[in-house]
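> Following the hints, put chain F in place on chain E, whose structure we already have.
Below are the chains, spelled out letter by letter.
Protein chains: 2
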Amino acid sequence: MLNTTLCYIEKDGCYLMLHRVKKVNDVNHDKWVGVGGKFEDGESPEECVCREALEETGLTLHRPAYRGLVTFVSDRWETEYMHLFHASDFSGALLQCDEGNLEWVPKSAMGQLNLWEGDHIFLRLLEQPVPFFSLKLVYRGDELTHAALNGETLSRPYCPKNERKP
Amino acid sequence: MLNTTLCYIEKDGCYLMLHRVKKVNDVNHDKWVGVGGKFEDGESPEECVCREALEETGLTLHRPAYRGLVTFVSDRWETEYMHLFHASDFSGALLQCDEGNLEWVPKSAMGQLNLWEGDHIFLRLLEQPVPFFSLKLVYRGDELTHAALNGETLSRPYCPKNERKP
Numbered sequence: 001m002l003n004t005t006l007c008y009i010e011k012d013g014c015y016l017m018l019h020r021v022k023k024v025n026d027v028n029h030d031k032w033v034g035v036g037g038k039f040e041d042g043e044s045p046e047e048c049v050c051r052e053a054l055e056e057t058g059l060t061l062h063r064p065a066y067r068g069l070v071t072f073v074s075d076r077w078e079t080e081y082m083h084l085f086h087a088s089d090f091s092g093a094l095l096q097c098d099e100g101n102l103e104w105v106p107k108s109a110m111g112q113l114n115l116w117e118g119d120h121i122f123l124r125l126l127e128q129p130v131p132f133f134s135l136k137l138v139y140r141g142d143e144l145t146h147a148a149l150n151g152e153t154l155s156r157p158y159c160p161k162n163e164r165k166p
Numbered sequence: 001m002l003n004t005t006l007c008y009i010e011k012d013g014c015y016l017m018l019h020r021v022k023k024v025n026d027v028n029h030d031k032w033v034g035v036g037g038k039f040e041d042g043e044s045p046e047e048c049v050c051r052e053a054l055e056e057t058g059l060t061l062h063r064p065a066y067r068g069l070v071t072f073v074s075d076r077w078e079t080e081y082m083h084l085f086h087a088s089d090f091s092g093a094l095l096q097c098d099e100g101n102l103e104w105v106p107k108s109a110m111g112q113l114n115l116w117e118g119d120h121i122f123l124r125l126l127e128q129p130v131p132f133f134s135l136k137l138v139y140r141g142d143e144l145t146h147a148a149l150n151g152e153t154l155s156r157p158y159c160p161k162n163e164r165k166p
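Taken in order, these protein sequences are the chains called E and F.
First residue of the first sequence? That's 1 in the working numbering, and the numbers climb one at a time after it.
First residue of the second sequence? That's 1 in the working numbering, and the numbers climb one at a time after it.
These are computed hints drawn from the structure, not numbers from a lab.
What you are looking at is a predicted structure, and each value in this text was computed from that prediction instead of being measured.
Treat the hints with care, as some may be off.
[Unchecked claim] Computed footprint of chain E on chain F, listed as stretches where at least three residues anywhere in the stretch have a Cβ under 8 Å from a Cβ of chain E: (1) 21-35; (2) 38-51; (3) 76-86; (4) 144-151.
Every residue, glycine too, gets a C-beta built ideally from N, C-alpha and C.
Next comes chain E alone, as it looks inside the complex (with noise of 0.2 Å):
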């Protein structure tokens, strides 16, 4: 099993994607992802998040908010615990990353982005007035199979048509 981070950065209306097209073997190929990545021995959520976002973009999060957790579980790969979190206050200069090309992308224009199925579920439940959420997604292959929120199965579709990709 993984543990993991991911991070939205916002600013101006738009999260900070990153397009996962430089790494060999990424399961993420083509992808739009936020930042983030495996946690190292020690670390706090907050730490690794940090600690991925400094070196992923070159900015330092401030108090970026503990969101989520979403457990990913995959005929492919093994279990991760992702630890989501979204910031809005970092300092410093965009720099490129060497996993993909870094984008700021308006919020209204996600749907349009080749992103994994279920993340449009996390990206809504980002813009809610949540505490905290549980989400538990079961891929097979890409597709998207299974979704419970906080122990509740989601019943299909999981996200409306205009936001999906055309």
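Same frame as chain E, but now just chain F:
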């Protein structure tokens, strides 16, 4: 690294506490703790805590509240990420547990129990209207050497003297 859950089940102003006296080579030997244990593969935090509570106590938890994430770092054991829950809605009859003795302890008497020092910190946080917290605790042996709440270092004393074991 290890992922675990811990739950404080509450009834009539008491927490259901486990006095860990039955297991051999138990890092918690003679300590009083809540109920919980290690994640099984593919479990979400709420699935793990409900399974562990049922196995250890015979009680079925209904919508336990996910309250915090505790990062335990130690010179003696691997880093542990403990997902902390509180439950006041449950059903079933209390069984005996093979890991220790289960006892309903008044919350006002928790300070008299043999607890890990850091447990006093998160037990106080459970009583406060904070939606979710991340607490990092660093131990050298049995001694708590560092504590940080949501990334901010806490200063000593971590808990008032009258909450400690006399």
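> Each hint should be assessed against the structure and marked as holding or not.
Each hint tested on the structure:
1. 21-35: violated (count 0)
2. 38-51: Answer holds; 9 residues pass the 8 Å Cβ test.
3. 76-86: holds (count 3)
4. 144-151: Our answer is that it holds, as 3 residues pass the Cβ test (under 8 Å) against chain E, meeting three.
This entry does not satisfy hint 1, going by the numbered hints stated previously; all others are met.
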